[in-house]
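Fit chain L to the supplied structure of chain C, relying on the hints for placement.
There are 2 protein chains.
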Amino acid sequence: MTIVSYLNRAFNGFSSSSKILVVFFLSGGGLLSYSESQSNSPNNLEHERLACKKKVVVLGTGWASTSFLKDLDISRYDVQVVSPRNYFAFTPLLPSVTCGTVEARSIVEPIRNIIKKKDGEIQFWEAECTKIDAANKKVFCRSVIESSLVGKKEFALDYDYLVVATGAEVNTFNTPGVMEFCHFLKEVEDAQKIRRSVLDCFEKAILPDLTDEERRISLHFVIVGGGPTGVEFAAELHDFVHEDIVKLYPMVKDLVKITLIQSGDHILNTYDSRISSFAEQKFARDGINVNTGCRVLGVSNKEVNIKVKSTGENVSMPHSMVVWSTGVSTRPVVKDFMDQIGQGKRKVLATDEWLRVKGCENVYAVGDCATIDQRKIMEDIGAIFNAADKDKSGSLTVEEFQEIIDDVLIRYPQVGLHLQSKHLMSVTDLLNDPEGNARKEIDIEGFKSALSQVDSQMKSLPATAQVAAQQGTYLSSCFNKRELANFIPEGPRRFKGTGRHDFLPFRYKHLGSFAPLGGEQAAAELPGDWVSVGRSTQWLWYSIYASKQVSWRTRVLVVSDWTRRFIFGRDSSRI
Amino acid sequence: MTIVSYLNRAFNGFSSSSKILVVFFLSGGGLLSYSESQSNSPNNLEHERLACKKKVVVLGTGWASTSFLKDLDISRYDVQVVSPRNYFAFTPLLPSVTCGTVEARSIVEPIRNIIKKKDGEIQFWEAECTKIDAANKKVFCRSVIESSLVGKKEFALDYDYLVVATGAEVNTFNTPGVMEFCHFLKEVEDAQKIRRSVLDCFEKAILPDLTDEERRISLHFVIVGGGPTGVEFAAELHDFVHEDIVKLYPMVKDLVKITLIQSGDHILNTYDSRISSFAEQKFARDGINVNTGCRVLGVSNKEVNIKVKSTGENVSMPHSMVVWSTGVSTRPVVKDFMDQIGQGKRKVLATDEWLRVKGCENVYAVGDCATIDQRKIMEDIGAIFNAADKDKSGSLTVEEFQEIIDDVLIRYPQVGLHLQSKHLMSVTDLLNDPEGNARKEIDIEGFKSALSQVDSQMKSLPATAQVAAQQGTYLSSCFNKRELANFIPEGPRRFKGTGRHDFLPFRYKHLGSFAPLGGEQAAAELPGDWVSVGRSTQWLWYSIYASKQVSWRTRVLVVSDWTRRFIFGRDSSRI
Chain C
13 MTIVSYLNRA
23 FNGFSSSSKI
33 LVVFFLSGGG
43 LLSYSESQSN
53 SPNNLEHERL
63 ACKKKVVVLG
73 TGWASTSFLK
83 DLDISRYDVQ
93 VVSPRNYFAF
103 TPLLPSVTCG
113 TVEARSIVEP
123 IRNIIKKKDG
133 EIQFWEAECT
143 KIDAANKKVF
153 CRSVIESSLV
163 GKKEFALDYD
173 YLVVATGAEV
183 NTFNTPGVME
193 FCHFLKEVED
203 AQKIRRSVLD
213 CFEKAILPDL
223 TDEERRISLH
233 FVIVGGGPTG
243 VEFAAELHDF
253 VHEDIVKLYP
263 MVKDLVKITL
273 IQSGDHILNT
283 YDSRISSFAE
293 QKFARDGINV
303 NTGCRVLGVS
313 NKEVNIKVKS
323 TGENVSMPHS
333 MVVWSTGVST
343 RPVVKDFMDQ
353 IGQGKRKVLA
363 TDEWLRVKGC
373 ENVYAVGDCA
383 TIDQRKIMED
393 IGAIFNAADK
403 DKSGSLTVEE
413 FQEIIDDVLI
423 RYPQVGLHLQ
433 SKHLMSVTDL
443 LNDPEGNARK
453 EIDIEGFKSA
463 LSQVDSQMKS
473 LPATAQVAAQ
483 QGTYLSSCFN
493 KRELANFIPE
503 GPRRFKGTGR
513 HDFLPFRYKH
523 LGSFAPLGGE
533 QAAAELPGDW
543 VSVGRSTQWL
553 WYSIYASKQV
563 SWRTRVLVVS
573 DWTRRFIFGR
583 DSSRI
Chain L
13 MTIVSYLNRA
23 FNGFSSSSKI
33 LVVFFLSGGG
43 LLSYSESQSN
53 SPNNLEHERL
63 ACKKKVVVLG
73 TGWASTSFLK
83 DLDISRYDVQ
93 VVSPRNYFAF
103 TPLLPSVTCG
113 TVEARSIVEP
123 IRNIIKKKDG
133 EIQFWEAECT
143 KIDAANKKVF
153 CRSVIESSLV
163 GKKEFALDYD
173 YLVVATGAEV
183 NTFNTPGVME
193 FCHFLKEVED
203 AQKIRRSVLD
213 CFEKAILPDL
223 TDEERRISLH
233 FVIVGGGPTG
243 VEFAAELHDF
253 VHEDIVKLYP
263 MVKDLVKITL
273 IQSGDHILNT
283 YDSRISSFAE
293 QKFARDGINV
303 NTGCRVLGVS
313 NKEVNIKVKS
323 TGENVSMPHS
333 MVVWSTGVST
343 RPVVKDFMDQ
353 IGQGKRKVLA
363 TDEWLRVKGC
373 ENVYAVGDCA
383 TIDQRKIMED
393 IGAIFNAADK
403 DKSGSLTVEE
413 FQEIIDDVLI
423 RYPQVGLHLQ
433 SKHLMSVTDL
443 LNDPEGNARK
453 EIDIEGFKSA
463 LSQVDSQMKS
473 LPATAQVAAQ
483 QGTYLSSCFN
493 KRELANFIPE
503 GPRRFKGTGR
513 HDFLPFRYKH
523 LGSFAPLGGE
533 QAAAELPGDW
543 VSVGRSTQWL
553 WYSIYASKQV
563 SWRTRVLVVS
573 DWTRRFIFGR
583 DSSRI
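From first to last, the protein sequence lines stand for chains C and L.
Numbering follows our numbering, with no gaps: position 426 of the first sequence is 438.
Numbering follows our numbering, with no gaps: position 40 of the second sequence is 52.
Some hints could be false.
Repeated chains share a single entry, so a pair holds when one copy, or any two copies, can fit it.
Stated by the list, open to error - Below are the EDC-like pairs computed for lysine to aspartate or glutamate, each with C-alpha atoms no more than 16 Å apart in a straight line:
#1 K404 - E453
#2 K508 - D401
#3 K370 - D348
#4 K164 - E225
#5 K321 - D277
#6 K164 - E226
#7 K259 - E133
#8 K164 - D221
#9 K164 - D224
#10 K314 - E158
#11 K165 - E226
Hints listed in this document are in silico derivations from the structure and should not be mistaken for laboratory results.
For reference, chain C alone in the conformation it holds in the complex (with noise of 0.2 Å):
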């Protein structure tokens, strides 16, 4: 027994308002019969307790699944999660196990032990789903396991409510050969394959019989994308080389060659500029070969071709491997259920903004797999402006706009972001005229037409951890209000229709992001506009990376994990 679980034993289960009970319990000896005593609690009435809960099916335990289970509060529902994977994986650090900064154990944490917190009542079960059935709510499973154990390998499960967190795939932009010659770092299994595979070049190229030439190639590495992972796995590739493996084959280190491809015209260019010409300079200064405005044609297992967009001019670059990593598809699972409910025709599931997918009831998409459809403020504008217009005058008083201004702003957030491009210090500036002087009315055309700019603001929100883990804290929030919002509702009004919605939409409270950039630097876009970068920067990283941690065991190791690569430098054994 570890001593956690002792101690858990031994001070958890009792509610915070029978502590005190224990302590006199304790003092008596009596510990063991009063607890004995509240398992032999009446089992029919939970039996039907259990019976009349709704079914809650979650697929996936990635950020979005993990962060709903956390917070669920599970006496209400009868839940069940399905994902191939038996585990969380903290994705962030993925680039780190690439090298072995840090061990991939160190950022997994067993869903079961997430789960279990909640006294177990949520089961788990390692299989993939297969189809959803939404006409019949039932999802169709199957076990990933591929010994050939005894029993049946598919079940099915029927659900009241679903929660889709399957996450999405990588996005090869049906480019020839990324398939099968590409590593990818989506999974813990992608960052082990490529520590095997980096350490395989260097073994291959250090070998007797070889010219100095094919040495060259078998020590070229190639990455896809210049997004924040191409470029933090490019920052931990060079450290590695230059910190660890160097001295290790000290015969080949002026051999290796590392080259970022990038079809647009800078590298991390979802950031602020100064992050993007900050992480340009210390490249060029690292020897990281970066090609900007370059697309790939297709990839085979000895080159990669590319189109330079600048002059037109086809290129063909030997490498020993390449890495892809350029965005994220739909998987085939959640691309039949887009077929089945009229979504055929989209790219990426859609929600609203209360991650209710479109055209399907009491289904929900968190994460990844899905993007929220925020609805167009032009599409509402009559209804608006009719709501406003209490008085029916056809005309729009100042007084009446700021009486439904909040709900407006609640319900469309790209008002509010409209305002912020424009630096309008209060909403009613929106109803001034073209020349910027106020008005005291505004008709239906005057307000269409001060509106008409809004949706432009409308941006949808990166494949991110941060926006998963919010999006599902925010819905296991609107799972637990489900019965209370019923007769209070919290949302803003229904400017179509009467009354409220039940909930507030989701709203995205972006924290910041970072960019490691290797050799103990780091770029972070922090909120308020706020750049920083250099070492202290770093430091900022590896904090928050270890509080954001799951549990106090990925916590401990991955610190351990930094720590031990201080000491001792990464381990190159090939296993």
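Just chain L now, with coordinates in the frame of chain C:
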């Protein structure tokens, strides 16, 4: 740069004799120029020296090879190492890796790190030796990297001395189905595979729509072989299930069954009988089924077929996974080598007592791949008698015998064992007549009959890490003293022929052996017929295994893994 490497760079690279110089130069700021002038030492001389060095090729990176390399004076030899594994693995901890008590990476150390301490003059090639060509003093190798990297994968190496330390492979005893359907415990990868497979069984057993019988079969773990490895794995698995798994899979905990199949009458039958019966009692208490006196006839993906020796009955046992751990056999490349040198009819490669391969010049074999063919005293009895009978009187006096007795004891260690087993106080007691009375003289026939029982004491050494490591160390000391031994031979006198042997023959010194039995209990056989069982023995095991680690990195990692296990338990993520 890591701290260790920084300190290394700062303080190493200077021989002790030059340290006073360094102190002077440091104060004068001349450190840099000094070390530069060092590295510009005449290259031609260096090349010449290298050219006349003898080439040593070492096959393997296991216990024997690593301890050989560690102690070898490489200023005398040009050393190349070939192995498909670029790391050394601390194999006695493999059973701990199967259940995550210790992580795989904590027990491996890159071989380059080990040989780097020798100033990088040892070269390592990650490749498999495919053929030993003893006639032309060549080995043929092939890179084991699967991916299609550029350049040739095959190469050949010339040698002056070859050290074969390739280890052995698993012995299936030609049992059908073993290769296809069993797990093994020879390599790090095997242990990792077992870990995943154990978790698969639990994930499978818990799936919905299975019958209780199907769940029971999914959780039946069979171990074939009751030696230390099989027993330790059974104990680890039992601990893993009862300390960690039951908390996460509480609904199937009562269905788990562990069965150990042993062909002999007792498990751990190479150990003292007290240990063997302690282990059997402990396993009986733990609910581990020990089936002794059973022979496995075959294994399929669903069943193990067993013959119970006592009843002659055939039993078939449904299983979820089988771990096969019954002994070792010769690798194909060694088998092929044996055919070349006239050892084709033997099962294991034979060396003489100096670890020289019989029937082949300048080839040595150490570790599990070979066995020492101890010279029988009866084969040389005439020569010994003649050598001892200085006055050629045809009979041996006690004094004459005493003069050669030291050399006899060294050359034929079985004589010493014979004395021990007969509880004889002095070697001269051997010459007593059958009634035990001392004799003054003895003729050749009497001498023969006096020593006729001695050879029955010969035992081949077990295939353990301890033997391999001692052989490696012994061989390196012979290599280091090669030139000196030409002038001052240190070995026993040659009874056939003249002069002395160059070196003392290899002598194994048993330092004790452990059998961890789970639940923080272990059994140990210590030198001097000591037996120790229980918790304190487990702590002795911890401290000895920590101290025997090959590097400070692995030592820290192994100890922190043990600590992590005590605090957080073992991880059950299926990666």
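Please name the hints from earlier in the document that this structure breaks, with their numbers sorted from lowest to highest. Violated: none.
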